[in-house]
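Novice: What follows is the residue order along each chain.
There are 2 protein chains.
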Amino acid sequence: MRDYQLPLSKCIAMMKLLAFCLFIISLINIPIAEARIRHYKWEIKYEYRSPDCYKKLVITINGRTPGPTIFAQQNDTVIVEVKNNLLTENTAIHWHGIRQIGTPWFDGTEGVTQCPVLPGDTFVYKFVVDRPGTYLYHAHYGMQREAGLYGSIRVALPDGKSEPFAYDYDRSIILNDWYHKSTYEQAAGLSSIDFQWVGDPQSLLIHGKGRLNCSTAKPPLKADVCNNTNPECSLYSMTVVPGKTYRLRISSLTALSALSFQIEGHNMTVVEADGHYVEPFVVKNLFIYSGETYSVLVKTDQYPSRNYWATTNVVSRNSTTPPPPGLAIFNYYPNHPRRSPPTIPPSGPLWNDVDSRFNQSLAIKARKGHIHSPPATSDRVIVLLNTQNEVNGTRRWSVNDVSFNLPHTPYLIALKENLLHTFSQTPPPEGYDFANYNISVKQEDSNGTTSDAIYRLQFNSTVDIILQNANSMVANVSETHPWHLHGHDFWVLGYGRGKFDRINDPKKYNLVDPIMKNTVPVHPYGWTALRFKADNPGVWAFHCHIESHFFMGMRVTFEEGIERVGKLPSSIMGCGETKHFRKP
Amino acid sequence: MRDYQLPLSKCIAMMKLLAFCLFIISLINIPIAEARIRHYKWEIKYEYRSPDCYKKLVITINGRTPGPTIFAQQNDTVIVEVKNNLLTENTAIHWHGIRQIGTPWFDGTEGVTQCPVLPGDTFVYKFVVDRPGTYLYHAHYGMQREAGLYGSIRVALPDGKSEPFAYDYDRSIILNDWYHKSTYEQAAGLSSIDFQWVGDPQSLLIHGKGRLNCSTAKPPLKADVCNNTNPECSLYSMTVVPGKTYRLRISSLTALSALSFQIEGHNMTVVEADGHYVEPFVVKNLFIYSGETYSVLVKTDQYPSRNYWATTNVVSRNSTTPPPPGLAIFNYYPNHPRRSPPTIPPSGPLWNDVDSRFNQSLAIKARKGHIHSPPATSDRVIVLLNTQNEVNGTRRWSVNDVSFNLPHTPYLIALKENLLHTFSQTPPPEGYDFANYNISVKQEDSNGTTSDAIYRLQFNSTVDIILQNANSMVANVSETHPWHLHGHDFWVLGYGRGKFDRINDPKKYNLVDPIMKNTVPVHPYGWTALRFKADNPGVWAFHCHIESHFFMGMRVTFEEGIERVGKLPSSIMGCGETKHFRKP
Numbered sequence: 001m002r003d004y005q006l007p008l009s010k011c012i013a014m015m016k017l018l019a020f021c022l023f024i025i026s027l028i029n030i031p032i033a034e035a036r037i038r039h040y041k042w043e044i045k046y047e048y049r050s051p052d053c054y055k056k057l058v059i060t061i062n063g064r065t066p067g068p069t070i071f072a073q074q075n076d077t078v079i080v081e082v083k084n085n086l087l088t089e090n091t092a093i094h095w096h097g098i099r100q101i102g103t104p105w106f107d108g109t110e111g112v113t114q115c116p117v118l119p120g121d122t123f124v125y126k127f128v129v130d131r132p133g134t135y136l137y138h139a140h141y142g143m144q145r146e147a148g149l150y151g152s153i154r155v156a157l158p159d160g161k162s163e164p165f166a167y168d169y170d171r172s173i174i175l176n177d178w179y180h181k182s183t184y185e186q187a188a189g190l191s192s193i194d195f196q197w198v199g200d201p202q203s204l205l206i207h208g209k210g211r212l213n214c215s216t217a218k219p220p221l222k223a224d225v226c227n228n229t230n231p232e233c234s235l236y237s238m239t240v241v242p243g244k245t246y247r248l249r250i251s252s253l254t255a256l257s258a259l260s261f262q263i264e265g266h267n268m269t270v271v272e273a274d275g276h277y278v279e280p281f282v283v284k285n286l287f288i289y290s291g292e293t294y295s296v297l298v299k300t301d302q303y304p305s306r307n308y309w310a311t312t313n314v315v316s317r318n319s320t321t322p323p324p325p326g327l328a329i330f331n332y333y334p335n336h337p338r339r340s341p342p343t344i345p346p347s348g349p350l351w352n353d354v355d356s357r358f359n360q361s362l363a364i365k366a367r368k369g370h371i372h373s374p375p376a377t378s379d380r381v382i383v384l385l386n387t388q389n390e391v392n393g394t395r396r397w398s399v400n401d402v403s404f405n406l407p408h409t410p411y412l413i414a415l416k417e418n419l420l421h422t423f424s425q426t427p428p429p430e431g432y433d434f435a436n437y438n439i440s441v442k443q444e445d446s447n448g449t450t451s452d453a454i455y456r457l458q459f460n461s462t463v464d465i466i467l468q469n470a471n472s473m474v475a476n477v478s479e480t481h482p483w484h485l486h487g488h489d490f491w492v493l494g495y496g497r498g499k500f501d502r503i504n505d506p507k508k509y510n511l512v513d514p515i516m517k518n519t520v521p522v523h524p525y526g527w528t529a530l531r532f533k534a535d536n537p538g539v540w541a542f543h544c545h546i547e548s549h550f551f552m553g554m555r556v557t558f559e560e561g562i563e564r565v566g567k568l569p570s571s572i573m574g575c576g577e578t579k580h581f582r583k584p
Numbered sequence: 001m002r003d004y005q006l007p008l009s010k011c012i013a014m015m016k017l018l019a020f021c022l023f024i025i026s027l028i029n030i031p032i033a034e035a036r037i038r039h040y041k042w043e044i045k046y047e048y049r050s051p052d053c054y055k056k057l058v059i060t061i062n063g064r065t066p067g068p069t070i071f072a073q074q075n076d077t078v079i080v081e082v083k084n085n086l087l088t089e090n091t092a093i094h095w096h097g098i099r100q101i102g103t104p105w106f107d108g109t110e111g112v113t114q115c116p117v118l119p120g121d122t123f124v125y126k127f128v129v130d131r132p133g134t135y136l137y138h139a140h141y142g143m144q145r146e147a148g149l150y151g152s153i154r155v156a157l158p159d160g161k162s163e164p165f166a167y168d169y170d171r172s173i174i175l176n177d178w179y180h181k182s183t184y185e186q187a188a189g190l191s192s193i194d195f196q197w198v199g200d201p202q203s204l205l206i207h208g209k210g211r212l213n214c215s216t217a218k219p220p221l222k223a224d225v226c227n228n229t230n231p232e233c234s235l236y237s238m239t240v241v242p243g244k245t246y247r248l249r250i251s252s253l254t255a256l257s258a259l260s261f262q263i264e265g266h267n268m269t270v271v272e273a274d275g276h277y278v279e280p281f282v283v284k285n286l287f288i289y290s291g292e293t294y295s296v297l298v299k300t301d302q303y304p305s306r307n308y309w310a311t312t313n314v315v316s317r318n319s320t321t322p323p324p325p326g327l328a329i330f331n332y333y334p335n336h337p338r339r340s341p342p343t344i345p346p347s348g349p350l351w352n353d354v355d356s357r358f359n360q361s362l363a364i365k366a367r368k369g370h371i372h373s374p375p376a377t378s379d380r381v382i383v384l385l386n387t388q389n390e391v392n393g394t395r396r397w398s399v400n401d402v403s404f405n406l407p408h409t410p411y412l413i414a415l416k417e418n419l420l421h422t423f424s425q426t427p428p429p430e431g432y433d434f435a436n437y438n439i440s441v442k443q444e445d446s447n448g449t450t451s452d453a454i455y456r457l458q459f460n461s462t463v464d465i466i467l468q469n470a471n472s473m474v475a476n477v478s479e480t481h482p483w484h485l486h487g488h489d490f491w492v493l494g495y496g497r498g499k500f501d502r503i504n505d506p507k508k509y510n511l512v513d514p515i516m517k518n519t520v521p522v523h524p525y526g527w528t529a530l531r532f533k534a535d536n537p538g539v540w541a542f543h544c545h546i547e548s549h550f551f552m553g554m555r556v557t558f559e560e561g562i563e564r565v566g567k568l569p570s571s572i573m574g575c576g577e578t579k580h581f582r583k584p
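Protein chains in written order, with UniProt numbering: chain Z, 1 to 584; chain V, 1 to 584.
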């Protein structure tokens with residue numbers, strides 16, 4: 001690509017123009033104190049797009065994927081009118097990280113908190129964003145998230161308050177992996193007796209853009225299917241001004257991949273995780289799992305006359321067909337934003353460097369002065385063994401050998417309206433055969449069962465969840481599962497290796513400065529201990545955030561304080577036993 | 001392929017075995033007089049299939065596409081429990097040719113007679129098949145029919161009654177065309193501003209089977225995508241015994257193509273059309289349009305030591321990428337059913353031989369002794385000019401320059417429950433600018449409008465419909481549109497060329513022995529005149545049966561006797577204004 005050479009005067013003039021533009025953008029982005037309602041109108045539909053140069057049908061919001069970022073300020077009310085124009089397909093949208101206090105019916109989890117939104121319908125989500133931080137939204141129906149229905153939520157502090165760290169500019173980056181097959185094809189393969197695994201993604205996207213090499217694809221792809229000159233798949237370029245500090249809000253909504261992210265030659269100081277302030281620590285590679293959000297501070301303190309690579313790589317997965325690293329350009333102004341850095345993109349960490357990932361998990365602690373202390377003890381401990389099972393001839397993911405099946409009437413409605421016959425009332429297991437189950441090996445008997453039973457939690461009780469990893473159905477493989485809890489943040493009390501020791505491991509819990517999060521990994525052959533207060537009346541999903549694992553049953557459901565839930569809006573009804581018409 | 005040579009004695013023994021088998025099969029297929037209810041349980045879902053050797057996701061019924069044939073006897077009640085396992089997609093199934101007298105709510109037309117059936121839901125269709133004959137069923141939602149959700153209904157005479165023609169065996173063949181793109185991809189292309197026409201089908205299927213040549217595909221296809229040795233795409237072979245008369249029930253559910261069908265060296269005597277007896281006439285090529293059914297008698301009177309080709313070809317469409325002819329084997333027992341005939345498959349008629357197609361249309365008259373005389377006059381004449389339009393930047397098909405938009409609440413419910421605000425109450429046009437519109441040329445102004453208004457017909461009135469064809473938005477092109485009426489059969493009073501003359505053409509109507517049908521073509525630059533009694537209380541779709549034309553708005557809706565419609569079942573509700581929950 002041609003280098004741009006400009007005289008200094010012109011360069012300065014452009015700098016001024018840029019500064020002005022950034023000022024204008026900042027006016028648009030920074031919420032205005034008076035505006036307490038943030039009203040969005042979205043149309044979602046299928047459109048052809050080429051995020052990685054390969055043309056396929058994606059789900060767009062107002063023509064875009066990722067969808068528009070929701071900008072709000074703490075305590076604002078966000079209203080999103082979602083018009084479903086998917087023709088034959090329903091939808092539902094989850095506001096990931098927003099606890100929906102007082103509005104459990106707008107959590108957007110199809111089958112748990114609402115019926116699906118029919119084609120042609122407009123569903124109005126309305127909720128308060130009660131904490132500043134970095135959040136996400138995405139489809140929570142079938143595997144639609146993978147089709148491109150996702151985006152960011154950025155909640156600013158109220159006017160006059162400031163973050164406990166300084167920065168000049170604030171930027172968002174969503175990481176994703178990308179498949180060329182439709183979600184229908186993937187879902188059909190996953191749910192058939194003749195099981196077909198979705199396989200590795202074809203690309204890694206940085207802020208919705210990747211770049212497949214069309215000319216080396218096998219079999220060769222026609223130019224109307226894959227075209228490297230398509231501007232839609234020009235690499236994402238983030239323009240930065242030298243000598244400044246940038247807050248980068250980095251989030252991952254991968255379907256499958258655990259990622260590492262780095263910016264060539266730049267350190268990153270982690271300051272926020274899932275909306276909570278982190279005691280700052282410096283990384284070269286940020287490990288990030290699907291459903292997590294981080295803020296890092298990056299100083300643009302490198303040699304300014306060139307651009308740098310931002311890269312993302314798959315970790316934790318040893319595959320024969322891994323996607324190429326995801327690339328973006330960290331563009332030092334005034335270098336041309338499309339100018340490739342003069343270097344080879346840095347390679348990521350080894351896929352199986354579990355230690356580094358464990359260590360990053362352990363490093364994430366609440367920031368001093370911003371510590372929410374956890375209750376010293378818990379009222380109940382639920383152990384969730386992560387298992388892969390065979391159920392009636394299909395491959396499933398499970399906890400404690402029970403794979404989750406969604407019932408036909410959403411739980412929130414069933415419980416509130418006392419339709420208890422709509423799902424199993426036999427409680428799911430609180431643990432597994434601790435004494436005899438060897439988590440380190442492939443089980444000889446991998447048969448499991450399915451159930452739609454849920455965990456009913458005493459309101460305001462303190463609940464500990466132990467996520468216990470194990471060997472999958474493939475010998476010597478234990479995957480990383482990022483677990484996401486709806487309606488709450490939890491304290492991350494500890495991570496460990498091997499089998500959780502119910503007597504001794506709790507003694508090592510971090511009760512001093514544990515971070516609060518809504519998504520947390522359980523590392524291969526390891527365990528993760530969480531604590532949360534069941535203080536949010538509603539019904540809440542807790543699940544592995546890998547789209548295919550979730551689809552294959554790796555999820556549970558919690559109920560708490562259903563009697564305190566207010567009147568349900570009729571808009572969430574219309575399926576299962578809630579499908580009853582009376583003339584209005 | 002190797003020829004099988006058998007000694008005579010073995011051959012006779014096999015003949016006896018075959019006769020016995022056919023006898024057993026006949027026992028299964030011929031309905032038993034006592035069984036008045038035909039109960040079917042269907043699961044519909046997406047599965048990978050290779051109907052023409054190309055592997056793609058199709059919609060199956062109980063694992064099959066085409067779905068199972070419904071066998072019933074006149075006046076039986078058919079109950080079909082449809083379990084929607086499409087994961088994220090709704091559905092609805094139409095019983096094509098069944099008038100649904102007394103059960104207009106089970107016509108299966110999404111948006112007209114019911115809300116869509118949600119994933120996980122089981123919808124129970126229950127209706128009486130009141131006339132013997134050959135009918136169809138298929139999805140009537142989005143473009144799902146094209147994904148493979150279709151099949152046959154065969155209604156036999158009551159015990160003791162016989163057809164006015166003799167035959168030894170009764171067989172069904174469904175013809176179809178087949179696309180490799182998903183219906184999502186097709187629909188997204190059709191409905192986008194950046195219009196993408198679905199194009200020509202890749203294959204023609206005879207009874208669900210075709211054969212793409214994988215090795216000549218461009219670009220080349222991998223063996224896991226296209227495999228000519230896959231038994232799923234071995235050609236359909238119909239085994240016949242020499243010296244017999246076969247009734248072949250031939251129907252078409254093409255998405256796009258008008259077809260001709262022939263059996264090499266065999267004449268066909270047309271005896272039934274859309275469930276009505278036809279005054280017999282002989283054809284070499286049967287022209288058949290999407291939504292039509294015919295019975296033909298074929299004598300297996302040819303040289304018996306070989307097989308013959310059955311072929312189907314596209315007519316009426318001049319395309320640069322036509323699909324290859326559809327092939328099947330008309331297998332004379334005891335030749336091997338997979339043995340290719342020694343001849344080159346016969347070529348079909350010229351695509352633009354409109355005369356032959358007009359002539360076949362004109363030849364189809366009611367059989368003597370089975371004539372239902374039409375009313376001598378009509379109470380109302382509605383002229384429907386078939387137009388292609390540009391509406392708000394998208395390409396549409398229309399009548400009288402008005403392209404149909406489905407409202408959000410199904411008409412049947414809206415009208416019965418008096419929710420008239422849910423759709424436009426401005427009546428649609430009864431005709432076009434007869435004096436000035438030149439049907440023979442591309443219009444300079446092709447702008448159209450959309451509307452969800454319907455035609456309200458006086459109960460028991462007699463209505464004439466004049467389908468008037470015209471030039472499309474492409475110069476010198478007028479397509480063949482097969483129009484299908486729900487809830488009724490109509491008399492076909494006449495076909496003509498050019499612009500319908502409202503004074504003189506009605507004088508030439510055939511009021512003596514017009515055939516009754518439910519689907520009829522309007523030929524290029526021609527007109528077709530229909531008459532029907534508005535005597536079936538309900539709301540009924542009337543539309544071009546080409547899937548993409550229908551999708552693009554080429555449809556109207558009739559209401560008659562809504563006040564006589566019985567209590568609507570709650571199962572059809574749940575969308576639009578019918579989405580209201582009251583605790584049961």
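Certain hints may be false.
[Claimed, not checked] What follows is a set of in silico ranges between Cβ atoms, one per label pair, in the way DEER data are often shown:
(1) V477(Z) - P219(V): 41 to 47 Å
(2) G63(Z) - G566(V): 44 to 50 Å
(3) A435(Z) - P219(V): 56 to 62 Å
(4) M473(Z) - D224(V): 20 to 26 Å
(5) E43(V) - E563(Z): 56 to 62 Å
Just so you know, these hints were derived from the structure itself, not from any lab.
Where a beta carbon is used, it is the ideal one built from N, C-alpha and C, also for glycine.
Novice: Can you name, in rising order, the numbers of the hints this structure does not satisfy?
Specialist: 1 and 5
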